[in-house]
Amino acid sequence: MNRRLRALAARLGRPLLAPVRAQMFAWIDYRIGLAPGRVLATHAEGGTAEVTFHDVVPALLAAISSANATVREARRREVALTERVDALEAELHALRVPGKRGGWDETLHAA
Amino acid sequence: MTPFRVALHAGVYVERDGIGGAVACKLALLDRLRAAGVAVEARVFCRGTDMPDSRVRVMSGVADLLLDPFFHAADLHAFEFGVRYDLFDAILALPAGAASLVTYHNITPPALVPPDRRADVAASFVQRDNLFAAGHVAAVSAFNRQDLVAIGLPPERTSVVPCPVPEARRVSCPDKLATRGAGPVEFLFVGRCVRAKGVVELIAAADRLAGAGAPPFRLTMVFHRAFSDPALLAEIEGEGRAGSSRPWLRLLPDATNAALAAAYAAADCLVIPSYHEGFCVPVVEALEAGCQVIAADAANLPFILDGLGLLVPPGDAAALLGAMRRIAEALRAPRPSAGGPLLPTERGPMPAAMWTRATRRHLRSFSREAFESGFARALRASLAAAGRTVPDWLLPGYFEGLAGIVSPANPA
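Keeping their order, the protein sequence lines are chains A and B. The first sequence begins at -17 in the numbering used here and counts up by one. The second sequence begins at 705 in the numbering used here and counts up by one.
Hints listed in this document are in silico derivations from the structure and should not be mistaken for laboratory results. Possibly wrong hints are sitting among the right ones.
As the list claims (entries may be wrong) - For each label pair, taking beta carbons as the anchor points, the in silico distance ranges come out as:
| id | chain 1 | residue 1 | chain 2 | residue 2 | range |
| --- | --- | --- | --- | --- | --- |
| 1 | B | M705 | A | R66 | 51 to 59 Å |
| 2 | A | E65 | B | A1037 | 48 to 56 Å |
| 3 | B | E1073 | A | A62 | 34 to 42 Å |
As the list claims (entries may be wrong) - If you want the footprint, here are the derived chain B segments under chain A, 3+ residues with CB under 8 Å:
| id | region |
| --- | --- |
| 4 | 761 to 769 |
| 5 | 790 to 796 |
| 6 | 824 to 834 |
Claimed, not checked - Residues from chain A that keep clear of chain B, each with C-beta distances beyond 12 Å, as calculated:
| id | residue |
| --- | --- |
| 7 | A45 |
| 8 | D68 |
| 9 | A69 |
Just so it is clear, CB atoms sit at the ideal spot from N, CA and C, and this is done for glycine as well.
Next up, chain A with everything else stripped away, as it sits in the complex (with noise of 0.2 Å):
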């Protein structure tokens, strides 16, 4: 996905993220007033690059759309993994507490 990005930004001329997101919008804003199948010339790695609004924006909103469900998706292991762990540290602190069902009771073990 970065890389597919970083492709994209490169044909516009722009190495990030958040700037492509801005150069997207610019873009709309720039075809309001303005004819959208105008060919824009872009400074890219390797020469000057052509691309037109039609070229530029579906491919930008599915990475867009692509990153973001990738970051929430990492957010959602990590939350789930945290879970995961609470779970276990108060079932190990179940087992320690004396009296608790199926835990060490020092009481009975005493004797």
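Since the structure of chain A is provided, determine the placement of chain B on it from the hints.
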């Protein structure tokens, strides 16, 4: 006066489709509001349609959508989402101040679709995160809302707004089972003919029912040929021809609305052994038509059935056979009272007359009135999320009057 503009977005807008039906009932509401004098204007943006409606715009892609003047002028964007479509990415580039609402129809799990469709499903799960960009998300079922909360959407930004059954498919014969004659028990299946709908188990259960000395029965299968599994269909159609080993099987491919309505009117019991349903319109249609229902205990089916039929574990042909036999025997048994046959349900055995009353109460949640009140609440929530003022015509109480909604709180 500037009208309130609503842009409705869907992948495709076609008849006899759950998402198409959701768009149609929103358009019908906006039409009725216009007829009542409300300045409201609507457009449908999609990638394909079979609906002859001048308000429908077929886009060649999301860039075209972003170039449409109505897209920029719209006060509210209402998206449908159940499978990936590029126009849904426009939610990430809405003009400043525009309100957004998504109706969520759920995504079929990858394991339940053929291998050649799994990439689409994976892309749909990625695009599902666009829901976080919406001001409000209305799930079509309680099960779908659970799905939204599970992925981390704040519950207060979600609601349940079930879609009503389209008028053209509505059959009302609620007392049918109470007054049923002595003919063979009529089972009905409505859906795509694919393995994920439990079709293989259904045929297996019916085969065993036919060979087990059970009361005489017939199984009618209504399905879309284009959306069915060709190999499975060929196998079933081979057996469904006249003179085959399954004289009890009747196939109705690509049935018209009238033929489907006739099938519901003739049926005693709908059988939906599907492994996954985000909503399941046929269950509502069947209950409206006075049919008992056997469904798989999966996804939204237990929610939508609400104990008024029988549930069986998904993929369990023996359990399905048992449920079909129980229904067949109940319908053919001598009548214990004037209340009609004693129907087996998840709530316990119910006399048919009592079952009819309980079904009518349950179906109020799926009425046009319930949908429109719920949709109006979702619109208000979307406008509030965008920091916009709710127009007078959408205010609670006033809206119901304009939309012609009759309820106990708002009598005609």
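Evaluated hints:
The given range of 51 to 59 Å is respected by M705(B) and R66(A), whose C-beta atoms sit roughly 57 Å from each other. Restraint check, E65(A) to A1037(B): a C-beta distance of roughly 51 Å satisfies the suggested window 48 to 56 Å. For the hinted restraint 34 to 42 Å between E1073(B) and A62(A), the CB-CB distance of approximately 40 Å keeps it satisfied. Remark: the region 761 to 769 of chain B is confirmed as covered by chain A, as 4 of its residues place a Cβ nearer than 8 Å to a Cβ of that chain, reaching the required three.
Counting residues of the region 790 to 796 of chain B whose beta carbon lies closer than 8 Å to any beta carbon of chain A gives 4, which meets the minimum of three for the stated coverage. For a cut-off of 8 Å, the count of residues in the region 824 to 834 of chain B with a CB near a CB of chain A stands at 6, and the three-residue condition holds. Interface exclusion of A45(A) from chain B breaks down, the closest Cβ pair being 10 Å apart, not more than 12 Å. The beta carbon of D68(A) sits about 17 Å from the closest Cβ of chain B, which is more than 12 Å, so the claim that it is off the interface holds.
With 12 Å as the threshold on Cβ separation, the claim that A69(A) sits away from chain B holds: the shortest Cβ distance comes to roughly 17 Å.
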